[in-house]
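**Q** Assembly of the complex is requested from the two constituent chains, each provided in isolation within its own frame, with the hints serving as guidance.
Residues per chain, in single letters:
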Amino acid sequence: MAKVGGWRGKTLRVNLTTGEITSEDTLEKYKDYLGGTGIGYKVLWDEVPVGTRAFAAENMLVFGVGPLAGTGAPSNSRTAVTTIWPLTDPDTFVGSGHMGGHFAAELKFAGWDSIIIEGKAEHPVWLSIEDDKVKLKDARHLWGSGIYRTTAEINAEMGPTAQIAAIGPAGENMVPLSVVINGYCHSAGGVGGVMGSKNLKAVAVKGSGSVNIAADQKDWKELIQYALTLIGSNNQHVVPSTPQPWAEYYDPGSRWTASKGVYWGAANPPVETGFCNPHDVHKIGLRCHKGVKDFGKDFGGTYTVRMGGCYACPIRCFAQIDYPPLEGKYGYSRYIANTCMGWFSPRQVFHEFPEGPEGELKAREAMVLGSHLVNDLGIWDNYALMQKVFNYAATHGMLEKILPADEYKSIPWELWEKGDPAFLLDFYRRIAYKEGVLGKDLGDSTLKTMKKWQIPEDFYKKFKWKYWKMGHPLHHSVEDSGQIGALINMQYNRDSQNHSHTNFQNSGLPIEIQKKLAAKVWGSPDAVDEKGHWTPMNRYKAKAAKWASIRKELHDSLSLCNWMYPWVASPLKERNYEGDTALEAKYFSLATGIEVTEEELDLYAERIFNLHRALTIMEMNTRDMRDQHDTAPDWVFEEGPEPFTPGSNRFPREDIEKAKDYFYEVCGWNKEGLPTRETLERLGLKDVADRLEKAGLLG
Amino acid sequence: MKEDKDKNTVEKIAEVIGVNKPTSRRRFLIGSAIVAGAVYGSSVLYRQINIAEDNNGNKRVVILKNAKGVLVSDPTRCVGCRRCELACTEFNDGRSSPTLSRIKVARNLNYGPQAVQLGFRRGHGKFGDFLVIQDMCKQCPHPVPCATACPYDAIEAKPPLNARVVNTEKCVGCEICQRACPWDMISFDEEADKATKCTLCDGNPQCVEACPTGSLRYVPWRDLTKDFHPRQAGMLAVTEECDICH
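Line order of the protein sequences matches chains F and A.
Take 174 as the starting number for the first sequence in our numbering and just add one per residue.
Take 51 as the starting number for the second sequence in our numbering and just add one per residue.
The set of hints was computed from the structure by calculation and includes no laboratory data.
All values reported here derive from a predicted model rather than from experimental measurement.
Cβ coordinates follow ideal geometry from the N, Cα and C atoms, glycine included.
One or more hints might be untrue.
Said to hold, decoys possible - Only part of the chain A face toward chain F is listed, based on derived beta-carbon distances under 7 Å: (1) 109; (2) 114; (3) 127; (4) 131; (5) 141; (6) 145; (7) 146; (8) 157; (9) 161; (10) 165; (11) 206; (12) 251; (13) 252; (14) 253; (15) 262.
Claimed, not checked - Keeping only pairs whose Cα atoms sit at most 20 Å apart, straight-line, the calculated SDA-like set for lysine to any residue is: (16) 759/F x 178/A; (17) 693/F x 758/F; (18) 502/F x 169/A; (19) 502/F x 212/A.
Just chain A, with the same shape it has in the complex (with noise of 0.2 Å):
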């Protein structure tokens, strides 16, 4: 059996990225490790995943769908407030988190996207120029990176908006779609063990409502991932060969 086979290796990689999650957890993290090896980008694991089925060995689902909607930001307008952060999760979760937000503006709020190093006084932030960048989900088209990380399929576009979104019925808590992201923009909600997404909140999105600059907007999607530079680099979540998923 594979998982047999590639136990070793598999359970060497979860310890490379970091995955090191209670025995519990371990059967999954072997299923998984496939893309996670992809993710760690290691040429000679490369060659031996097969994504195109989940380790179940069923057809993997493809999510070929673009999204309807996506959020877009002009940071000459935020004024770091993170009313956006508290909508996000108050009025979804009953709870202030800004790790759980699903929009990310207290990474950026006190340097920037480079966060603090030398010549930090010409960067973004508040230490910097003042300029605060807020990072949104991109609700990236095929090929979704989270989505075609996950093992399980966990992440699906969801009718009407096929926006993507976490199924909590089938996250497991692997953090894989959280390494997968090459905007870094999953979150995990540490309280439910699973990986928490932007939605959209089914077109009337939380943070759009609550920006008191109307620095935010919610509009009719385009193709935003060339757009923004990666916060990760060396990210691979799917194979160079599209032919062998579908």
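Excised from the complex, chain F in its bound form (with noise of 0.2 Å):
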């Protein structure tokens, strides 16, 4: 075989226990499962005994990176940190958070595919990875700094290039709710507290070498340029937010938020960031002004100096603040990055603020000092939940009786009240140092919090973002994507990571032409519906949600990211807006040199999809995964208007079951949801049948 190109060939394995370093054969090893959440689980299969929980010795934690990580693939350099996960009830099984960053792609120029971690150290130590020196280098002179300073620190010793993932108090302090983040701001959720069970205060990678494709270079330039007239804005959506000369359709609700008189006000001199023609490809850079569509036109516009994000990807969706009164008023750095929930969580802390400009100024500065906060202590967020159970309990006088008194008087509710950002810094330290009950509940698994505190199953009733199960909130569901939505909330045992229909749902396409691109790779129109205009379950929204899950995977463990893949549709009108699905395939076949079409990759991916199952139906030890685990919350049955009418997120109860069945159909499950020999034998996985049939649970 020609030199295989992506992988470097090399996983690194740690074993903090005996201190020992040793080096396994990726291909050899790990090839069918491609890395990032893939190697991740194979890894929890072989190694890790059912019935072990999160913070046990015995956990292992893998920072799974892919071999498309490095390249010039669109959007890669992702990590997926899979481990079992702290935040369910009991803490056994499998989940994963991902994060951004430079951290993959160094890791690949290091030349290691992913880092296996087993053990635990005897005393706090970091993991220096320079190429091939690796070493586990005492820590407890880091133990207790923040996030911040721990990279700081490293990065003095090992040089400014250096990568670095670390855990902040939150993580030291095994809180469930923390992060490891790298570069700054790119946080990987509910894993930090592994890490610090672990006493692994940080991860660190510097490399000198390369990343080799596999294909002409003449090949790779051209499929990169093609992939580059596709690419869509941050989570491909392919229109602007307003009306734009060159662009025949707009949505309010994309984030191509670019336009005339959009600046990031805060360059010096600023730069406006203006129409973005698609075919202009010195803009893609432009297209996405997160802060804007974050903080709104006015405080985003004015205190945003650029737009940051990840390794390689054109699309930059961190808004990158300079706010000077962070530095007067908190004693912050004036300069804060993130994205997303970064930014809106720490603001869902408050029931409300002082009505005005006045309150919106204080809304907005809690967005920027909590995310410092966060990103300092490393503190994660539950996708907002954990701050909604805090904000409903508060809001409504149980906190008085679930606190100490002494504990409940020592809380500044006045700040809290006034909606002051300051209050944010006694809040979060609890949490990080596991402070009183307060700080002990919130930071842990928010189930066993709500059951604690007794908050009632309807509490998010009034919030967007709604609980769905196991201890999650929802991720782009029924009120998303419908059935498609409903069924990938599901499959997994956290929030469910899942952007692959949400990017095509709300591509901001006429429902005309997404129904033709849905024909295209489904089959059907009837395989999309109008958001808020749900029809009937059928048999093509369970395929589309089958695809969605397994791209979820796919790029999960290729590194790519799923907040911009898979491209269903483009922004090229004479493409008549059409994307490319095989994509992910090229780029493979190219870089490694392993020629693959489409499907024969997305059996990678369902492969790894399966074995995650696999994973949970061990944990869950019953065979009727339907009841048991692939729920949805009485709100989808209860909650709105008459079903199938306008505007209405409710489903029939026989809806939704009638999308399992569809669902199990086209994945080759049972009617109970478990994976049958034939299918497992189909994906290569006899041996995970052959356990699963041990246990009684084969499908």
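**A** The following block contains the structure:
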């Protein structure tokens, strides 16, 4: 075989208990699982006994990176951190947090495809990877430091180009709701405490090598340039948010927010994003002004320095904000970067802000200050569910009863009532250091806290992002993509982290065009409904749901960003807005030199998806996955106007049951939601079938 | 012979500047160390230098012609995606490698050119004020430091653009040009064991073509060497008296 590109060929294994550092052959052991979540699930399946708890030394932690990380395939460098997830109850289920940044690419340049971490160190350590030189170093001097300082200290030691994934006090204290962060603000949710439980403060990487592209460089360039004609904005929204001369359509919800008069206002001199015609490749990076999207045109337009983001991604979705009062008022750096929930979750700690511009500003100040606090302390928000639980309990006077009197009194409630962002300084400190009942409970599995605090099940009614199940909220469910969203949200043990479906549903194109595109990919225009105009379940939607699910695993395993891919749609009118769903296979073929078709690569993805399923089934230890695991919350069936009327996100129970029937059918699972032997063997998972059969859990 | 006479000093210098290559490279090291001596800034050695001659005693080639084009950047628009670095190496070398890239962003990405130090919050880069500085070859006018430093005349002005280009036939991989460039812009291709630098891609720079924010431009040459602070101090790759060369 010609030289294999993409992968570097070596996977690093670090045993923290013994200090042993070894290297494994990636292609020999993990090629069928690509990398990323694929290698993560494979390691957990092979090596972590059923019933292992998240913070046990026997739990393992896989920093999974795939063959496309570090290449020029747009939007790569995602790291999937897979482990036993600390946020379910019991904490024995598989889960993964995902981070962008430049970490994954740097790991590849250092010569490694993934890192497998096992055991528990005797005292705090950090892992230093400098090409072949891999060492565990004493981290006792860093223990207790925030993520910012830890990163700077390690950079001072290793040099400024090292990419560092570190935990803060929250992770050290084994707060289940904690993160590992690389590059200032790229966080992987839920896994910080697992690192803390292993006494692992940070993983730092510096590489001087190369990622080879197997194909001829001209062919590779041609493919990359072609891909860049099809790329949209963040979430692959393919129309702008305002009417623009080049655009046939627009959609106010689009993340293609660039326009005339929309600036990176804090740049010196300010940069106007302007009209970004999709044919102008030198404006791709200006399309997504997330500062404007997340903060509004006034604040976002004024205080944004530029848009940042990940390695090799021309779509920049991290607003980099320069807000001087952060320094004078709160003692934090005036510079702060984040995106989406990183901004929104601190704001949701508050019940309300004062009316008018003053309140508006306070809300935004809470977003930027809160973002610093969670970035530095390393706290996760569980997609803002934690903040909502606090908010609900506080506004309903429940905390007075839940908390000891002294603790209750020690909380600066007057700040909270005024909507003063300074409240967050106190709030997040309690969580990171597990202070008192409030700090300990809020940082714990949200499910446990909800039970303990007796939060009524319908508490989430007033919120847009509602509770789903197993302690996590929805993530683009029925309100976004109808039954497809419901099916996707049922599959995982955390919020589903899947954008394959929502990217297409919200592309911004009119429904007639969406339907034409859907027909090409899934065989019928009925695979997609107009948002809010849901129709009863059909087999094509099940096909689309399966496709979306396996593509999510494909992206997390190749190290492409599922917030950007797949591309059913494109911004190009001359292509009738058609994207290219075979792009992943094209990248993979040229980069690795292993020629695959779209369908063949989807088989890898399906294998990975089914392995996740098998892991979940083993933990559930039930044949009734259908009713025990794959559930939708009651509000799906009870809340809102009559099902299938315009604007209603309510669904009849039998329709969702039908959705499961069809979904299981297209997945090759039985009626209970268990994969059959035939399906698993088709995917090369005979050993998985054997083990499931032995446990009486084969479909 | 000069080589014999200088041997001990030469090896000592090679050691000090860190050019500790295997013995197979010793021969060229000896020859090149006269320039290395200058780089190191030893005034004693400096007087012994005759950089008008290469180590075979031939007259040195001196680049007098200016380049026709040069890369310039607007760091205000740089978003740190590093697609320029990717284009440089993937489309020229068939592999992705930031250390090989002749446009350098990675090293400034986190903390700016000043690297991590106290007060980095007010410096540049992701951990500072977000400004990302792109470093590009300035296609220096005479005296071209990298070319002058090269003991093998391996860095040439390649027509028609006169970009300063490494002639891989002549380059022996001694890395002295890397130390001579005041802006630290020479890369080293570990696979080929040769130095490599910006060639302006024959007038169609891949990095410029790849930039998603139009932060990079390819423009008619002008002297940028006075506009940029050197990254390396104490550079002295040419003699004070130019008349000894030409």
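**Q** Against each hint, give a clear statement of whether it holds in the structure.
**A** Quick rundown of the hints versus the structure:
1. Hint status for residue 109/A relative to chain F: violated, with the closest Cβ pair at about 37 Å, above 7 Å.
2. With a cut of 7 Å, the hint placing residue 114/A at the interface with chain F is violated, because the nearest CB-to-CB distance is about 34 Å.
3. Satisfaction of the interface hint for residue 127/A is found here, the shortest Cβ-Cβ separation to chain F being roughly 6 Å, below the 7 Å cut-off.
4. With a cut of 7 Å, the hint placing residue 131/A at the interface with chain F holds, because the nearest CB-to-CB distance is about 6 Å.
5. Hint on residue 141/A holds. Least Cβ distance to chain F is approximately 5 Å, under the 7 Å limit.
6. Taking 7 Å as the C-beta cut-off, the interface hint given for residue 145/A holds, the closest approach to chain F being about 4 Å.
7. Taking 7 Å as the C-beta contact cut-off toward chain F, the hint placing residue 146/A at the interface holds, the least distance being around 4 Å.
8. At its closest, the beta carbon of residue 157/A sits 5 Å from a beta carbon of chain F; the interface hint therefore holds under the 7 Å criterion.
9. Hint status for residue 161/A: holds, given a least beta-carbon distance of 5 Å to chain F, under 7 Å.
10. The restraint placing residue 165/A at the interface with chain F holds, with a minimum CB-CB distance near 4 Å, inside the 7 Å limit.
11. The beta carbon of residue 206/A is not positioned within 7 Å of any beta carbon in chain F (closest approach about 24 Å), and the interface hint is therefore violated.
12. Interface hint at residue 251/A: violated, since its Cβ lies 12 Å from the closest Cβ of chain F, which is beyond the 7 Å cut-off.
13. At a threshold of 7 Å, the smallest CB-CB gap from residue 252/A to chain F is about 15 Å, leaving the interface hint violated.
14. Among the interface hints, the one on residue 253/A is violated; its C-beta lies about 17 Å from the nearest C-beta in chain F, farther than the 7 Å criterion.
15. For residue 262/A, the interface hint holds, since its Cβ comes within 7 Å of a Cβ in chain F; the closest pair sits about 4 Å apart.
16. With a C-alpha separation of about 38 Å, the suggested pairing of residue 759/F with residue 178/A is violated against the 20 Å cut-off.
17. For the hint linking residue 693/F to residue 758/F, the alpha-carbon distance of about 18 Å falls within 20 Å, and the restraint holds.
18. A distance of roughly 18 Å separates the Cα atoms of residue 502/F and residue 169/A; the hinted pair therefore holds under the 20 Å criterion.
19. Between residue 502/F and residue 212/A the CA atoms are separated by roughly 55 Å; this puts the pair beyond 20 Å, and the hint is violated.
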